[in-house]
Amino acid sequence: MSAFKDHFSDVSAGYAAHRPTYPAALVDFLADAAPGRDLALDVGCGTGQLSTRLAERFAAVVATDASAGQIAAATPDDRVRYRAAPAERSGLPDASADLVTVAQAAHWLDLDPFYDEVRRVARPGAVLALITYGVLHVSDAAADRVVRHFYDAVIGPFWPPERRHVEDGYRSLPFPFPALDAPRLSIAVAWRLEDLIGYVGTWSAVRAAETAVGDGPIEAFRAALAAAWGDPATLRRVTFPLSLRVGRVGGG
Numbered sequence: 001m002s003a004f005k006d007h008f009s010d011v012s013a014g015y016a017a018h019r020p021t022y023p024a025a026l027v028d029f030l031a032d033a034a035p036g037r038d039l040a041l042d043v044g045c046g047t048g049q050l051s052t053r054l055a056e057r058f059a060a061v062v063a064t065d066a067s068a069g070q071i072a073a074a075t076p077d078d079r080v081r082y083r084a085a086p087a088e089r090s091g092l093p094d095a096s097a098d099l100v101t102v103a104q105a106a107h108w109l110d111l112d113p114f115y116d117e118v119r120r121v122a123r124p125g126a127v128l129a130l131i132t133y134g135v136l137h138v139s140d141a142a143a144d145r146v147v148r149h150f151y152d153a154v155i156g157p158f159w160p161p162e163r164r165h166v167e168d169g170y171r172s173l174p175f176p177f178p179a180l181d182a183p184r185l186s187i188a189v190a191w192r193l194e195d196l197i198g199y200v201g202t203w204s205a206v207r208a209a210e211t212a213v214g215d216g217p218i219e220a221f222r223a224a225l226a227a228a229w230g231d232p233a234t235l236r237r238v239t240f241p242l243s244l245r246v247g248r249v250g251g252g
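Residues in the sequence shown are numbered from 1 upward in steps of one, following UniProt numbering.
Some hints here could point you the wrong way.
Using C-beta positions, here's what the derived DEER-type ranges look like [unchecked claim]:
(1) D116 <-> A226: 18 to 28 Å
(2) V213 <-> S139: 24 to 34 Å
(3) T211 <-> D152: 31 to 41 Å
(4) P176 <-> T234: 12 to 22 Å
(5) T211 <-> A17: 39 to 49 Å
(6) D181 <-> A212: 37 to 47 Å
(7) D110 <-> A72: 37 to 47 Å
Think of the hints as simulated: they come from the structure by calculation, not from any bench.
Beta carbons: idealized from backbone N, C-alpha and C, even for Gly.
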């Protein structure tokens with residue numbers, strides 16, 4: 001079993017404040033595909049960006065993350081039970097979950113033991129969904145170019161190797177379950193300048209760059225983005241295309 005790579009505990013508050021939540025259409029698709037709506041398990045839940053949305057359609061949600069810091073900063077919800085636990089040890093009874101989700105975290109997991117856990121906790125016909133989003137797009141072309149240059153040319157060398165799975169929409173990850181067709185979906189938000197800068201500050205590559213070379217690159221990015229953005233209070237549309245690997249677990 002590989003050791004847990006904790007990229008986010010030290011920025012849990014920023015993660016909670018700046019990571020986008022998921023669209024209702026995603027939750028509706030997953031809930032409609034599941035054999036029931038009694039229990040969803042959200043693995044690698046971070047600070048609850050998907051967990052709380054799942055609670056809108058499921059009677060109960062168990063949300064786990066190996067980072068105790070992430071769990072401590074998670075958004076409270078009466079229908080969500082947060083647990084600090086590795087992906088392969090959810091603590092759920094056998095055959096209890098209608099849906100298992102992993103949002104923006106599957107590339108960090110040791111997938112073989114995690115998939116064994118999915119098979120154990122899934123009720124017949126349950127659904128497993130691996131969800132990721134890649135590089136954002138800003139509606140303003142100049143601002144979008146600044147973000148893309150920073151992502152590719154400036155901090156590109158500092159991304160962990162697992163990032164390649166995000167780049168290819170999880171297509172290179174093993175997925176030993178019968179696939180379900182998924183709709184084309186995206187996250188869409190209206191952000192001010194400080195919202196986008198806050199989000200970028202949660203990237204693992206940004207923190208790696210700051211450790212290696214100092215905060216010069218991120219400060220230069222902030223200045224370039226501010227120049228492109230104009231009035232910092234201006235709301236601009238930011239979209240994150242979603243990639244989904246969705247499958248049926250067991251008979252149903």
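For each hint, the structure was consulted:
1. Restraint check, D116 to A226: a C-beta distance of roughly 48 Å breaks the suggested window 18 to 28 Å.
2. The beta-carbon spacing between V213 and S139, approximately 31 Å, falls within the hinted interval of 24 to 34 Å.
3. T211 and D152 have their C-beta atoms about 20 Å apart, which leaves the hinted 31 to 41 Å range violated.
4. Between P176 and T234 the C-beta distance comes to about 47 Å, which lies outside the given range of 12 to 22 Å.
5. At roughly 22 Å, the beta-carbon separation of T211 and A17 lies outside the given 39 to 49 Å, and the hint is violated.
6. Distance hint check for D181 and A212: the Cβ-Cβ separation is about 42 Å, which falls inside the suggested range of 37 to 47 Å.
7. Range check, D110 to A72: about 23 Å between beta-carbon atoms, so the 37 to 47 Å window is missed.
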